[in-house]
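If you follow the hints, you should be able to join the two separate chains into one complex; please do so.
One letter stands for each residue in the lines below.
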Amino acid sequence: MTRPEEKKRPTHLGFLTALGDPARGVIGGFLVLNLVGRPTEFHCTAPVRPNRAQEILYGATLEGFLCGEQIAQALVGRTKTELAAILTNNPNILTAGNSLKAPLAMVFRRSASCATPGDEEKYAVWEEKTGRNAPFGGNAARDRRIDDENWTSEEAREGESNSQRRSFFYDAFERTPPTPGVDYSAWRTVAKGRNRLALPTDFVGSDGRAVGVDEISARLDLFFKSIDSVEPFERIRLAVEEAQKSG
Amino acid sequence: MTSETSGTNEPKRRESARESAGANSDDVRFSIPVRSWNRRVAAPKTLSVLCPRRLLDENGRRLEIETKSLRLGARPGDVRVFAIPVDSRKNVASVERNVESFYFFPQDEPDADALEKELNGAKKANGESGAKGEKDGDSNGRAEFDGAAATKKSVVPEFFEAPENPTRIRVPNDVVKMEDRLGYLLQPPLETWLGRRLLEMPFEPFGYQKQGVAFLYGSQFAVLADEMGLGKTMQAITTIRLLFRSGECRRVLLVCPKPLVTNWKREFEFWAPEIPVQVIEGKSDRRKWLWRLPNAPLRIANYELLNRDREFYAPEGEDPRVVFDLVVLDESQRIKNKANVTSEAARAIPRRRNWALTGTPVENSAEDLVGIFEFLSPGYLKSGLKPSEISKTVGEYILRRTKDKVLTDLPPKLIRDAHVDLTPEQYESYRMAQEEGEIRLNEMGDSVTLSHAFELIIRLKQICNFDPATGESAKLDRLIADLEEVASSGRKAIVFSQWVATLERLRPKLARFGPVEYSGRTPSKERDAVIDKFRNDPNCHVILMSYGAGSVGLNLQFAEYVFLFDRWWNPAVEDQAINRAHRIGAAGPVTVTRFVSVATIEEKIDRILQEKRLLSEAILSDAKGLNYSMGLSQDDIFGLFNLKAPRSLKK
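Chains as they are written, first to last, in the working numbering: chain A, 1 to 247; chain B, 1 to 651.
Next comes chain B alone, as it looks inside the complex (with noise of 0.2 angstroms):
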């Protein structure tokens, strides 16, 4: 009559810890050190470790171990140990020189005691609770975090009890099995997995962020395209955390910009302090070693870094030493292309599931989209198809929410479009340099090319800035005066302009700011000194930026206005970059000033970037109907100066 379906591996799991927990006369007894554990344990202590020799392959090369003999005030049965490399089975003591770090997780594998122990606590912390735990509520640093939410634990309930509505793991369509299916549909609801004191979050998880986790969890390929500013690390992090817990992870390698790598291992402190992390730097052979360093369980590694090591983490002709349980692509728009080579050494990193985190997965065109599905799932996503089309095929795979769905006590933001007149001579200036362009442009017939337009664009651009005969400049008047506002009320701004020497003409403008350069310039090393500068000095009013080095990853929210001294060239990088100061933690409104150069080519442009907001919204929230435009095509660049595109080009 009954019809059985074991919907999870547990017993499996289990049962393989209890064979190799057993102790016999060849198992070996030897301590190492312990780097990293959770908080309630102080690293580094040493771990005992019970290591059964008969573990050993034939070659005595590698040594898996699961064992339950683990005294460091572990739990026994919670811990797993990752694999460590050994130089031969008759020596086991040489495991000991070999393993440099030692890392393991809890496990979900409860022990009766220890939560007897942790009732008795609560039940006693309850009685007392009151004051103090509002106390506690009240002093928080979340405004330094990107995603910290509401409010902070502080009183440990007896009982657990779930929500009337549940943040439930999501059944991905792509699992069929049904075995598979109810593997997840068993799963407790996320609610039970951070609610627990097993799993501590330094702050309760708004409920969106929940359901991010929840559809993070269950994919295996997604993309998480949540506005800038709403905790897509957040939801990464716990997401990966849970896997580690699961056991479902051993190995992951999260891929970002270069100068984010800081930010991320930050973040990993901050919401999964137990998991080590491990960034993948250094000269070539620490490299090498890092990549196929067997026993790490989260590496970070930089876009930049991909193509150099490609060698190290897929080696030409022959298997990989680590294949990546889980990989995730911050910013995620890097590869949008796929024919370039971030895009291919992405695609050969060995790896069994995979996410993208980007806040702007359209930025040009639909093909963004393809080049990331080409990523997640490759021939997944077609080109050519429709807006509507492409909605269709990757609905399911993307989670895209923005900040006035999901976050309606955020501060609002204000965006104010400041149409500035050039000074008469700056304005000379313009025109006789867009004259001569284009009588330039005209004269080179059809062998004129993209980049000759591009040139004269830039130029133009920069001379609205400033005049290059006389220095004079129109906006940076105006930014002065707002300026003056903003430092006299004690606030804090953000000023964004697309070239470093723009940046550097403006600073000792601006001296009486106090302000500090973060660009492509800026030394690594030194970029944690500015921004930490730029928080708590009270004298240090602007921060000038680049978009390249500063529209990403960055949190500012204590910036109360952000001045977009010159528009990028798409809107989804200006978007990034105003949302370095209107994310969660904002403690006020958002003032965003864009200049625009009256009766310039800055103009058309704001025009154009119009256009290419109405494509990304055609595609991700499936909008019909919209007529929307592909962008900065030929034609529009040419348009600029009422020009047509060449026809040799057009071929």
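Here chain A stands alone, though its shape is the one from the complex (with noise of 0.2 angstroms):
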């Protein structure tokens, strides 16, 4: 049998996100980085519209059909490299689960102020408030961030949002359950850096290998050491328009 450390390892990673909305059209892209971040491959499609015979069949769940089986699918279908993982910063494209080639993690940016104890203080009367719980299986004290340096202590005891601030715990926290069709016990959140990241705890390799978070996340530590989580996204923002642009 052949031990882990012995295969080659994947020396690329994956950035998926979807952006727009399904009124306007959802856009997919998808991009390919190198271990220092250099791009390899970059792929993004047309704005998918949902027709009206889905908008009924899926209802709530229409997002993450359009993000998760579609677009995430497809895109990620194009690449021929081996990917030690694909991250994505949107919570609909999760409903892809572990159906793709790679683990799927969500990343978040957690703000500068999300550090300080008073947010753990904030969550906690918020989560009180609510009733609602940590949607993310782990370590709750650990994970009790908010990544809303906008969140007062008013705001959390009335459980009212910005809409405009979408990071991922704010997003889920917002839905019940946070994205349907999301099973969220099967991530587990590790910090990286300033970054969080919730990793998939059962993703299982196209050679029948189960691979667990500490080895995702072992991976994703040689990444991170020149690549910044978050920042790609940014990139694959600027290429979209860009794409848009020249039709």
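Simulated from the structure, these hints should not be mistaken for laboratory data.
Watch out, some of these pointers could steer you wrong.
Said to hold, decoys possible - Cross-link-like lysine-lysine pairs, in silico, DSSO-like; alpha carbons within 30 angstroms at most: (1) B:258 to B:461; (2) B:177 to A:80; (3) B:265 to B:525; (4) B:382 to B:177; (5) B:386 to B:338; (6) A:245 to B:177; (7) A:80 to A:101; (8) B:392 to A:245; (9) B:338 to B:283.
If you want it as structure tokens, here you go:
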């Protein structure tokens, strides 16, 4: 049997996102980077709009269907590069679950203020008032961060939201369940520098071997030495806008 | 449903490397000495190369090797080997003899094992960080170098974190193909490149310097016109370094004034130690060989050589042996006159992209910029445009920042005009010379020329410096008084003059201040020693410099006083001179004293210089409504003597 460390490790990382909304069309972008952050592949979709039948059929899970099943599957299927993982910043893509060729992980940036103990307290107040729990499993105390520097205690108590800020936690909390079709217990959050990632706990590779959270985390550490886990999504956004402009 | 766009040519390059890496029975292994490597590997070492014979062409003249079988602590796949000339395909061993030096660079083809090792090292180092890191951060020689930035890197972060607003590569407007535009947009921000350990930077660049690098990186032609002292050298070197690493450049030529060659060489050693620098110098045969050397990544030539060596780099009637991927002209105001031989020679250099570096793109007139753009992109900028039109046309291709905008923490520059009354004897000599001169000019009538007027100007300016009859000098008296104060406080001063003769007269008079001289008469080999003495000898308080030799490229930020003993013809050169001291690394305020003799031609010239400054601002800052002057026009020159330019000249 081949030991994991003997297997040639993947030296590329995928970044997958979806921009826009169903009404105007959802555009998918997929960027593959090497270990030092240079692009090796880029794919994007034309705007995807659901038809009436899909809207009725999928209802609240429509965005998950478009992003996770249509866009993610199509884009990731284009690459032949072996990927260490695929990162996304769009929770709707999580509906793709473990169906992609590499572990799918969610990434979000914590604002500087989130590291303060006060945020834990705010979150606890909010949790108590709303009766909602952390969507991800794992260390709840560690995960009790609110990625919203504008989140005041008053807002927390009232459970109000700022719809302009769509960080992952925020987004997840606003939904019941946070994103339809996503089993949050299948992810565990880990901190990577100032950013946080939700990693899948039960990914099985194409060779049938289970890849645990720790292994995925170790794989990603190699990349995050040179790459910011959030910044490449901005590259995708710029490239998608450019592609749209060029028709 | 999907549309695919390849935003980069990376995969192609990798495939090519992979194909050539495969060993077969035709391959031959040989060893050659490595002349240059980065700072982590001591040179010279022996490099073992697997050389695939099948890559030889029919005649066996050139061999392009791209192989992964390098063994030197280098990571497989991150090395590119440049073309090597060979004599015959039958004698592969001759490769070894023909290769004087073997250059290669780490490319952006990373290796997971090496990164992991580095990662583990970083974790360990971070665990031990603290006092040591702080100590490292304090020890630096940054004041020695142009453009050195604020802090030295001390601790390797475990995770790279991009800033909130990272510096992205600029997408040039003239790039229209979508794939190409995406290629720029998808590149990592500059902080990603500079932040990782693969590209070591001696100092963290300032934000505006990163923007300068991002500007140059994406530019096929560009003028980096930052004010002197903001680090144009560092920005150009860093961009060249990135271009080498990304494989976009293999052969770069840098052209600078001859006195700056050693300075550039030193700056490359500091900012990009992995890039081997080849200075084009020596006898004709050697220069020819250096120009045509196919595997030298970076060459430095001086302007004086360009015209002499034209047949070497651009032979008439045949294809050039070497086409440069990039040509950089430092102090590019040297080619402002598009009709002069240097300008023509520069335009003849075979090249794919080019940049111009200058702190003074507009010295005399808007035509200066036309001359520079004639090299950068022939025909792009037409003559005769208004300043506002020029500004609009070239705005995208010129990046200019000034110290007051980007270096708010740079010590202030205090400029004071010292109005000096000539001594009675000096004034008498001046008056007589002026009257005689004006009478003579009048008598010449329409046969008078500009050179006649210039002769008189120079004569009068020289009298303002020293009385030819008695040797008296009001300026000297004032200078000595000021230097007493400078020397007693242990500080250093630079004294500029237009004439070497003036410097030579000053030297014995200033003997007590331990003066050294740096002028056109100082042999090239002695120039570095002169600067070192001025820098390190505590008894040497003054350096006497001519504008021509000392106004560009030197870093003298340890001097806090600058004296302009006489005035140059245009303010840009004066600014260059002042900025030898007032630049990044300056420890304290720089005091500039400009001597102006009262009631003389110097006062009139001073007024014209002020107007020239306005012209430069009108073009570079797109300031509208400025009443600018075209500088020392014929009317200006004759107006200095209350004369009108003769009609024959006006025609």
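Right, here's what the structure says about each hint:
With a CA separation close to 28 angstroms, the supplied pair residue 258 (chain B) and residue 461 (chain B) stays within the 30 angstroms bound. The suggested pairing of residue 177 (chain B) with residue 80 (chain A) holds, with an alpha-carbon distance near 25 angstroms, which does not exceed 30 angstroms. Of the pairs offered as hints, the one joining residue 265 (chain B) and residue 525 (chain B) holds, with about 14 angstroms between alpha carbons and a cut-off of 30 angstroms not exceeded. Taking the CA atoms of residue 382 (chain B) and residue 177 (chain B), the gap is near 27 angstroms; set against the 30 angstroms cutoff, the hint holds.
A C-alpha spacing of about 19 angstroms is found between residue 386 (chain B) and residue 338 (chain B), which places the hinted pair at or below 30 angstroms, so the restraint holds. With a C-alpha separation of about 12 angstroms, the suggested pairing of residue 245 (chain A) with residue 177 (chain B) holds against the 30 angstroms cut-off. Using a Cα cut-off of 30 angstroms, the hinted pair residue 80 (chain A) and residue 101 (chain A) holds, with the two alpha carbons roughly 10 angstroms apart. With a C-alpha separation of about 24 angstroms, the suggested pair residue 392 (chain B) and residue 245 (chain A) falls inside the 30 angstroms cut-off, and the hint holds.
Using a Cα cut-off of 30 angstroms, the hinted pair residue 338 (chain B) and residue 283 (chain B) holds, with the two alpha carbons roughly 28 angstroms apart.
Hint compliance for this structure: every hint is met.
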